[in-house]
Every structure is written in C-alpha cells, then in structure tokens.
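Asker: Chain W is fixed; fit chain L onto it per the hints.
Protein chains: 2
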Amino acid sequence: MVGSRRSRGFRAERDLVTKLWARGFAVMRAPASGSKVKRAAYPDVVAIRKGHVAVFEVKSRSKEENIYIEKEQVDKLVEFATRASGKAYIAVKVAGSDWVFIPVELLEPTASGYKVSREILARGLNIEQLEVDLGIRETLDKYIKPQHSQA
Amino acid sequence: MVGSRRSRGFRAERDLVTKLWARGFAVMRAPASGSKVKRAAYPDVVAIRKGHVAVFEVKSRSKEENIYIEKEQVDKLVEFATRASGKAYIAVKVAGSDWVFIPVELLEPTASGYKVSREILARGLNIEQLEVDLGIRETLDKYIKPQHSQA
Numbered sequence: 001m002v003g004s005r006r007s008r009g010f011r012a013e014r015d016l017v018t019k020l021w022a023r024g025f026a027v028m029r030a031p032a033s034g035s036k037v038k039r040a041a042y043p044d045v046v047a048i049r050k051g052h053v054a055v056f057e058v059k060s061r062s063k064e065e066n067i068y069i070e071k072e073q074v075d076k077l078v079e080f081a082t083r084a085s086g087k088a089y090i091a092v093k094v095a096g097s098d099w100v101f102i103p104v105e106l107l108e109p110t111a112s113g114y115k116v117s118r119e120i121l122a123r124g125l126n127i128e129q130l131e132v133d134l135g136i137r138e139t140l141d142k143y144i145k146p147q148h149s150q151a
Numbered sequence: 001m002v003g004s005r006r007s008r009g010f011r012a013e014r015d016l017v018t019k020l021w022a023r024g025f026a027v028m029r030a031p032a033s034g035s036k037v038k039r040a041a042y043p044d045v046v047a048i049r050k051g052h053v054a055v056f057e058v059k060s061r062s063k064e065e066n067i068y069i070e071k072e073q074v075d076k077l078v079e080f081a082t083r084a085s086g087k088a089y090i091a092v093k094v095a096g097s098d099w100v101f102i103p104v105e106l107l108e109p110t111a112s113g114y115k116v117s118r119e120i121l122a123r124g125l126n127i128e129q130l131e132v133d134l135g136i137r138e139t140l141d142k143y144i145k146p147q148h149s150q151a
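Top line first, the protein sequences correspond to chains W and L. Quick note: the first sequence uses this note's numbering, first residue 1, plus one each step. Quick note: the second sequence uses this note's numbering, first residue 1, plus one each step.
With the rest of the complex left out, here is chain W (with noise of 0.2 Å):
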C-alpha cells in the first residue's frame, strides 16, 4: 500500500508539473520523491509565472476522503513561500476529479496539524482560480453568467 501511494503520488506530481507547464509556468518537481527525510526543506513542486510563485505540497488520494498534514510540512511550505514572496497551497488530485488548491490559510487545525475536510475542499481553487489567486490574470468575474437579473 506504501509502494502505491508512493507511485500514485509521483504519477501525480508529474501530471501537475506538465499542466502548469502546458499553461506558461517554470516548473521544478522536488528530488527525492518519496523520500520524507531529504525532501523535508523542500515544496513538492515550485511553480512561476512571470515573477509569481506558487509553492505546493501535492496530495493524491484515490477517493474523497479527509487529508492529514503534519505541521511541519506546512511550516515548511510556508516558509519557502515567504522567503519567495510566494503562496503556498495543499494541491490535491482524486482520482477521477480534477486538481483542487487549497491556500494553506484554509486549512483546519488539529491536535498535531492539519486537515483539508470535504467542506475545505468544496472551497478550493480549480487552476484558473489559482491564476487568478496569484495575480497572474484579472478575475473571472466577466467570465461568470451573473445569477441576478440585470433589469
């Protein structure tokens, strides 16, 4: 269960690393994968746009489920992203949905960490939210059919 976790997690990182790839970012995947003790300093994945810098821990699970994060790993993140003038984001694939943000503000506290419930990632950002959360381009807004009437 450890080895499929490990290589799903890693099927993960490499689809999120093309993605932002495809969509003008410089992208750098973490070495080490799997490797918790090497890797400790380090984001999963660093992305950049023109100066904005996203930071992401990914998480992959094969069903919805709650997801459990040390706090360290957050701090971590955390810090990396603030030295850059950065943000940072819990990003998480299931399979079967697409790839949902969550900035680390967000995040429930718990006894020893932190948790994405379902609610929080009802919450989350698609990637074009997240462009738009980095200030890489305008909001949606004038994308979105308003729900009330304009009469």
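Everything hinted at is true.
Not everything, but these chain L residues come out facing chain W in the computed CB check (under 8 Å):
| # | residue |
| --- | --- |
| 1 | M28 |
| 2 | P31 |
| 3 | V46 |
| 4 | R83 |
| 5 | A84 |
| 6 | S85 |
If you're looking for bench data, these hints aren't it; they were derived computationally from the structure. Quick reminder that beta carbons are idealized off the backbone N, C-alpha and C, glycines included.
Answerer: What follows is chain L alone, placed relative to chain W:
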C-alpha cells in the same frame, strides 16, 4: 573520473543551495542530479527572493579552465528563466575559490554551444553582485571607496 566529477558536482550544488538559503533565498535543487536525461528540462538550482528569480546551471572544476556548455542546456535554462521572468546564470565553482556567477548573455558562442573562458570568468559576479543584478539590493557603489578625490 566521471564518478568523481559527478560527486563534486553534487557537493557544489549543495554548497550553493546552503549559501543562498543563508542569504534569505527560497532555494530548490533539481531532481535526479547527475542524470542528464531526467533533468534536461530543469535548471540545476532555482533561487527566489521576494519575487526575484535566479536560475542556475552549476559547473564545478578542480582548477581554472575553459568550461564548455551545450547549446541545449543554455536554451532550457533561458526558457525556464523567461517563463519565470527571472535571470539565468552559469554558477561556477573552482576548487579553492568563491562562487562566480556568469549571466548567460556573457557566454561566448562556440560551434556547438557556449564557452566560459578565463576572461569571462574574471568578469563574473560574486554573490553580492548577483543580488544587485537581480534587483534585490541597491548597487554596491556606496560601499566602494571612491577612487577619485572628493575635494
């Protein structure tokens, strides 16, 4: 010889990461160090401070000599830097000397790629000058003793 060059290269990358981290950069090494195939699309090291991005191809040598770099490596480095709105450098570590950073614009073209000659190496930047080049700190002028009289 290949093995010793590779492990020297690995140590050099780690040294560069450590030095840049100590100066406040967020820094990441590329995965699969030494595997030219896997890392082809990545710079050796990416460093970001307050939105300013530097990407590096790292070259370490036991003594001062001309350094040759394949055109493809430089092209990939420049593409990554362009996407990030960053700057691209060859980071050169000659045993017993400090790091020297060569902006890729200074590279001399050869028939099949580029060269860092001793003359170019002498015109490279030290780590403080790198920070000025990146726009992270103001010029060093005020720290340099004027060579003309101020009378």
